[in-house]
Amino acid sequence: MSPVIAQLLADGPVVTDGAWGTQLQARGLPLGEFPDTWNLTHPDQVAEVARAYVQAGSQVILTNTFGANRVRLHEQGASAKVAEINARGVEISRRAAGDRAHVFASIGPTGRLLMTGEVTADELRAAFAEQAQALAEAGADALVVETMSDLEEAKLALSAAKQTSLPVVVCVVFDSGKAKDRTMMGNTPEQVAQALTEGGADVIGANCGQGIAGFIPICKRLRAATDRPLWMKPNAGLPTMVEGHAVYNATPEEFAGRIAELLKAGASFLGGCCGTRPEFIEAIRRQLAQG
Amino acid sequence: MPDLKQLYDAVVSGDANGSRTITQQALAEGTDPLTLVNQYMVPAMDEVGRRFEANEYFVPELLISARAMKAALELIRPLLTARGDEPAGRVAIGTVKGDLHDIGKNLVASLLEGGGFEVIDLGVNVSPEKFIETVKEKNANIVAMSALLTTTMPSMKTTIEALKQAGVRDKVKVLIGGAPITQKYADEIGADGYSENAVGAVALAKKAVVPA
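Keeping their order, the protein sequence lines are chains A and B. Each residue of the first sequence is one higher than the last, beginning at 1 in this note's numbering. Each residue of the second sequence is one higher than the last, beginning at 292 in this note's numbering.
This is chain A alone, in the form it adopts within the complex (with noise of 0.2 angstroms):
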């Protein structure tokens, strides 16, 4: 185990954050506007969000580098600025951490489907290549390849991860088929685990597509399947539209009600995806201090 991961984990359960691109919009972001840009033109806003999770009591904040890569950024004509986005992403994260979290930068998908042949295998190693060295450069603890919905492109995004040698997270969404067990792309559990131990992730996980109901069995399963500690970032349940605005339903009580499950299926970094805030973090950090 990296010396990074197992420090954190030698005290047990490590909590990690909540949703950026939501807190960002309370703060201004416009919809329709990719939030990574915003490390160059409202630092100070992105920097609110990370602080505020620190505060929180995270022990391992993300950085609003989600979409920082080549084809993402190619699409709001900023691709020339994937470097400068995706440092200012990591000092932004590092000076809210401080001595009191980690830094994990965040990578996620490009958007384009391998199948359909909208993006190819090299230009994915490209991007992903691009966008881990900026990371890592900028002086991230750890790289956090999330919200894959194809196993191929998570696999591809972890080769280029670990190029930088340090630690890799690689997490995947869950949301397919009757059980929501399955990927967009019908890969189970088991498969998932499989091919991201042998592709060498030092954290294996899910996030993001169901709450935190389902993803108990997905986080037993996976137990089972790899050695690798586990990552896990459930929604704060199911959307509901309340006047035109959505409204996630589970309350950050109701979240980390179930954390214990999901500690018991085998988790070691608790945190949330959509619709969970740094109160989910707070009720999260509680939860725990209960034992």
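Hint data in this document are derived by calculation from the structure and do not stem from the laboratory. There's no promise every hint is true.
Straight-line alpha carbon distances no greater than 27 angstroms define the calculated DSS-like cross-link-like pairs of lysine-lysine that follow [unchecked claim]:
#1 A/LYS178 / B/LYS421
#2 B/LYS497 / A/LYS178
#3 B/LYS421 / B/LYS498
Go by the hints and put chain B onto chain A.
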């Protein structure tokens, strides 16, 4: 004369080359193109849909079957057009304003093409004006909108209202989909249909173009 059951099998298994070759042979030997579509290809896509619902097929299998269907349709479509047969329908599809997700929309677009629709893909972050323009200029009879974000769902409502304002709401059926969308939401905003997955979207589109 090729065994046309092979065309069915080629579409179900996603064999685009097989599908193209058999279609070529069958057409060369004078088989009516509509027979190929209605008796072999459409039932094959129905079987693909059934397997998807049964969790035997997932997105990759859907995509390669749609591709096999499309390979055959590329040969058949010109013949149908030449004799005045229209496509099943003309769909203006896009991810709504404010939303940049396109995987789900692209999947629905390829399956609709596989289902015999002419698809005009407007991309992501599509404004109501763009939908209206396409309905008017390309004579689309279906508007298909996708949203992956709860925050962009309201753009669907805005678009439907804009279609009304522009006086073209009655010319089209509006179908919506995307992770946060529900039937209830579709009803609330006055959409004509909602599907929770891409296979359902094709069935929905087919139902939408049947004259009442």
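Are the Cα positions of B/LYS421 and B/LYS498 separated by 27 angstroms at most? Given that 27 angstroms is the threshold and the Cα spacing comes to 25 angstroms, the pair holds.
Given hint A/LYS178 paired with B/LYS497 - CA-CA distance at most 27 angstroms: The given pair, whose Cα atoms are some 24 angstroms apart, holds under the 27 angstroms limit.
Satisfaction of hint between B/LYS421 and A/LYS178, Cα-Cα up to 27 angstroms: Violated - the C-alpha atoms of B/LYS421 and A/LYS178 are around 36 angstroms apart, more than 27 angstroms.
Taken one by one, the earlier hints fail for this structure only at number 1.
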